[in-house]
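Number of protein chains: 2
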Amino acid sequence: MRRGCPYGTHRVIEPKGVLPQPALKIDNDMEIYDNEILIDVKTLNIDSASFTQIKEQAKGNIEEIKRIMRSIVDERGKHQNPVTGSGGMLIGTVEKIGPALEGKTDLKVGDKIATLVSLSLTPLRIDEILEVRPDVDQVDIKGKAILFESGIYAVLPDDLPENLALSVLDVAGAPAQTAKLVKPGDTVVVIGGTGKSGMLCLYEAKKRAGVTGKVICIGSRDETIARVKEANLADVYIKANATNAVEILEKVREATNGEMADLVINTVNIPNTEMSSILITKDGGTVYFFSMATSFTKAALGAEGVGKDVTMLIGNGYTKGHAAIALELMRESKELRRIFEELYA
Amino acid sequence: MRRGCPYGTHRVIEPKGVLPQPALKIDNDMEIYDNEILIDVKTLNIDSASFTQIKEQAKGNIEEIKRIMRSIVDERGKHQNPVTGSGGMLIGTVEKIGPALEGKTDLKVGDKIATLVSLSLTPLRIDEILEVRPDVDQVDIKGKAILFESGIYAVLPDDLPENLALSVLDVAGAPAQTAKLVKPGDTVVVIGGTGKSGMLCLYEAKKRAGVTGKVICIGSRDETIARVKEANLADVYIKANATNAVEILEKVREATNGEMADLVINTVNIPNTEMSSILITKDGGTVYFFSMATSFTKAALGAEGVGKDVTMLIGNGYTKGHAAIALELMRESKELRRIFEELYA
Ligand SMILES: NC(=O)c1ccc[n+]([C@@H]2O[C@H](COP(=O)([O-])OP(=O)(O)OC[C@H]3O[C@@H](n4cnc5c(N)ncnc54)[C@H](OP(=O)(O)O)[C@@H]3O)[C@@H](O)[C@H]2O)c1
Ligand SMILES: NC(=O)c1ccc[n+]([C@@H]2O[C@H](COP(=O)([O-])OP(=O)(O)OC[C@H]3O[C@@H](n4cnc5c(N)ncnc54)[C@H](OP(=O)(O)O)[C@@H]3O)[C@@H](O)[C@H]2O)c1
Chain A
1 MRRGCPYGTH RVIEPKGVLP QPALKIDNDM EIYDNEILID VKTLNIDSAS FTQIKEQAKG
61 NIEEIKRIMR SIVDERGKHQ NPVTGSGGML IGTVEKIGPA LEGKTDLKVG DKIATLVSLS
121 LTPLRIDEIL EVRPDVDQVD IKGKAILFES GIYAVLPDDL PENLALSVLD VAGAPAQTAK
181 LVKPGDTVVV IGGTGKSGML CLYEAKKRAG VTGKVICIGS RDETIARVKE ANLADVYIKA
241 NATNAVEILE KVREATNGEM ADLVINTVNI PNTEMSSILI TKDGGTVYFF SMATSFTKAA
301 LGAEGVGKDV TMLIGNGYTK GHAAIALELM RESKELRRIF EELYA
Chain B
1 MRRGCPYGTH RVIEPKGVLP QPALKIDNDM EIYDNEILID VKTLNIDSAS FTQIKEQAKG
61 NIEEIKRIMR SIVDERGKHQ NPVTGSGGML IGTVEKIGPA LEGKTDLKVG DKIATLVSLS
121 LTPLRIDEIL EVRPDVDQVD IKGKAILFES GIYAVLPDDL PENLALSVLD VAGAPAQTAK
181 LVKPGDTVVV IGGTGKSGML CLYEAKKRAG VTGKVICIGS RDETIARVKE ANLADVYIKA
241 NATNAVEILE KVREATNGEM ADLVINTVNI PNTEMSSILI TKDGGTVYFF SMATSFTKAA
301 LGAEGVGKDV TMLIGNGYTK GHAAIALELM RESKELRRIF EELYA
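Read top to bottom, the protein sequences are chains A and B. Taken in order, the first sequence gives residues 1 to 345; the numbers are from our numbering. Taken in order, the second sequence gives residues 1 to 345; the numbers are from our numbering.
Each hint should be verified, as a subset may be incorrect.
Which copy is meant is left open, so a pair is good if it fits within one copy or across any two.
As the list claims (entries may be wrong) - DSS-like, lysine-lysine: derived pairs with alpha carbons at most 27 Å apart:
| id | residue 1 | residue 2 |
| --- | --- | --- |
| 1 | Lys-282 | Lys-16 |
| 2 | Lys-282 | Lys-104 |
| 3 | Lys-239 | Lys-16 |
| 4 | Lys-251 | Lys-16 |
| 5 | Lys-59 | Lys-16 |
| 6 | Lys-66 | Lys-25 |
Honestly, the hints are just simulated from the structure, not real lab data.
Go ahead and model the full structure; you've got the sequences and the hints to work with.
Next comes the structure, spelled out in C-alpha cells:
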C-alpha cells in the first residue's frame, strides 16, 4: 500500500508543490493510501456562497445544477467551485481505514461521520446524484470521498437528526469564534444575522454580551427578520441591503446612538459588503469576516481608505472544539433547534 | 461650491451606493467640493503587487507601462489595477483646500504631503507621465489628485529625502502592526523579509522579540538575502520559494527545532503563499497577511483544511501613528536608512 503525506500532497496533480486546497486538480482515485480514510458518501452540503453561484449559473434548473456539479468534480477531482473557490462538507459512513492510522484514530468502519475539512480539498467521486435540495444547499449522492490524516471530522451524534447536524457543522466555526470574541457589554452586529451561521452567531453573541450588551441583526427580508425576532435572537433588528454601505452606516449609527459596534460579524453570502462592515465598526474594534464572498483587497484597502484602525479577521473555518460548541447550541436552545429543524432538517 | 460626503461617495459614478474604493468608476473632475483637498501630484508610488502585474503585462516595456497606467486612470478615474484591485500612494503639493475644512485641517496651501489612502480610491488625473522608475515602483507625473475629508496623509519631513519618505510611507502599516503584534520571546517569521515592507517588519520584530526571541527572514534570492544579512536584520535566513508550502514547512521546522512560529508576517508580492504561512504557524499563533496578493478563500479554507487553529489578520494599511512609526525607523537605524537610500531614494 502506498504511503501518503498527512496533508494529502501525494494526491495533488497540478500545480506541483502546492497543497490539495489551492491545487487545480487532485487525484480522486478511490484506492486509499496507508494513512487515508475512505468514506461512503451520503450527502454533500455545498457552501452557501458556492451554491448560490451555481444556482444562478443554472438559472435554478435542477438538471443543470447536477451537470455543473459533476463537471466541477470531473475537472478538479474535488467539489471546489471555480468562481468562489469554496467547497462545503459531507456526511457519510467510514468504509475503510488505512493501516498507518491504527491506534491513531478513534474511528471504526461503519461510523457515521461529517468531514469538517472543506470539500475544496477533499478527493471526491460522484457516481450518481440522487436528490438536490436547493433550499438547504444539500445534495444526496452515491459516491466516495477520502479524508486525509490531517483532516478533521465529527462522529454524528445520536440525539440529532443527520441533516440537522450536517447543516450546523457546515458553519460550526462561526459560533465558536463568536464565543471567543464577544465580551460582556459589547455591541455586536451580525450582518447576515438572518442566515444559518448568522443565527448561531446571534445566539452565542447575546449569551456572551449579556444584559449590558447590545446585539444587532441585519438581514434583507421581512420574512427572515420576523423569524429571528420571534425567536428573540437579537436586541435590535435592521432591514437593509448589506452592499449599500451608506444605508447600513446610517441605520447602525441610529441603533447605537452613534457609538457603532465593538464587533461586526459578516455572514452574508454575497460580494461587496466589506465597506459596510468596516464603517459600522468602532475605531479599535474588530470585524470578523466569515463570508466566503469577502475580498481581501477590498477589506484591506477599504479600511485604509477611510482611516479606520480596526482589526480584521479572516474567518478560519476551524477552531478547537468548534463541532461540539455548535452542536451543543441545538440542545441548549429550543428556539434555534425548532428553526433549524424546520429549515434544514 | 458643492458639498461632499466625508468618504467621497459623491464622486462615485458606478455602481451607485458603494464607496470610492470598491467603485468601478469615480469622477476625476478636478473642480473640488467644499470638503476636498486638491493636490498637485509629483510622484506616484504604485503598489508592488500592482506594478509587478503591470510590468509583466507590458513585458517590461516602459512605453507600454505608461499606456497601461493611463488606460487604467481613463477607465476608472483612479489608479486601481483591475487585476490586483490595489493602488499605491502619491506625493505632491497642496494646491487648494475646500472651505468646509477650515479649522478642521492643519494643512496649508503649499505643504508637501504624502497621501496615506490608497490610489485605488483617489480621484486622479494624469496629464503627462514624466519618468517611470520600474525598480522602485515610482512614477513621476504631471497631474492632479483629490483627497477626501476622511482621507489620511502625512506632511513630508524635512530631514528625509522625498522619495525615501514616499517609499517608507507606502508600506507604513506593516512595521506599525508588527510593533503591536510581537511580544518578547516570540518566534517571528517574515515571508518576503528581503523586500521593502519585509525589512521594516524584521527590524521592528527583532527590537520587540528581544534576545529571547527569534526572527526568521525568508526570501527567494541570494542577493537580497545577503543584503539583509549584512544589516543584521534577522537571526536566521532562509532561501526558499514561498509558493512551495512543503519546502517552507520543512525549512522552518528545522530552524525552530519543530516549534514553529508564534507570528508569521507575509509581505510577498506574489500569489499562492497562504498555505506556507499557515503551515509554519503554531496552533494558537497568528498570521498577519500584509501581501495584497492574498486570497481570502485560500487562507480561510486552507487553515480549516489542515485543522490549524490560527488567527489570520487582514493587513489593514492603516493603524494609528503608522506614518510616524515607519519614518522614525529611518532615523533609528543607520543600516536600514542606508539600504533604503540605496534602493529607493
Ligand atoms: N470556513 C468558513 O469561513 C465558512 C464555512 C461555511 C460557510 N461560510 C460562509 O458563510 C457565509 C454564510 O453562510 P450561511 O450558510 O450562513 O448562509 P445563508 O444561510 O444563506 O445566509 C446568508 C445571509 O446573508 C444575508 N444576505 C444576503 N444578501 C443580503 C443583502 N443584500 N443584504 C443583507 N443581507 C443579505 C441573508 O439575509 P436575508 O435572507 O435576510 O436576505 C442571510 O442572512 C457564506 O458566505 C459562506 O460561504 C464560511
Ligand atoms: N495596505 C496594505 O496592506 C499594503 C500596503 C502596501 C503594500 N502592500 C503589499 O505588501 C506586499 C509587499 O510590498 P513591498 O513593497 O514590500 O514589496 P517588495 O519590496 O517587492 O517585496 C516583495 C518580497 O516578496 C519576496 N518574494 C517574491 N517572490 C518570492 C518567492 N517566490 N519566494 C519567497 N519570497 C518571494 C521578495 O523576496 P526576494 O526579492 O528575495 O525574491 C521580497 O522580499 C505587496 O504584496 C504589496 O501589495 C500592502
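Each hint tested on the structure:
no., hint, verdict
1, Lys-282 with Lys-16, "between (44 Å within a copy, 25 Å between copies)"
2, Lys-282 with Lys-104, "between (46 Å within a copy, 21 Å between copies)"
3, Lys-239 with Lys-16, "between (47 Å within a copy, 19 Å between copies)"
4, Lys-251 with Lys-16, "between (49 Å within a copy, 18 Å between copies)"
5, Lys-59 with Lys-16, "between (36 Å within a copy, 26 Å between copies)"
6, Lys-66 with Lys-25, "within (20 Å within a copy, 37 Å between copies)"
When the structure is compared with the earlier hints, no violation turns up for any of them.
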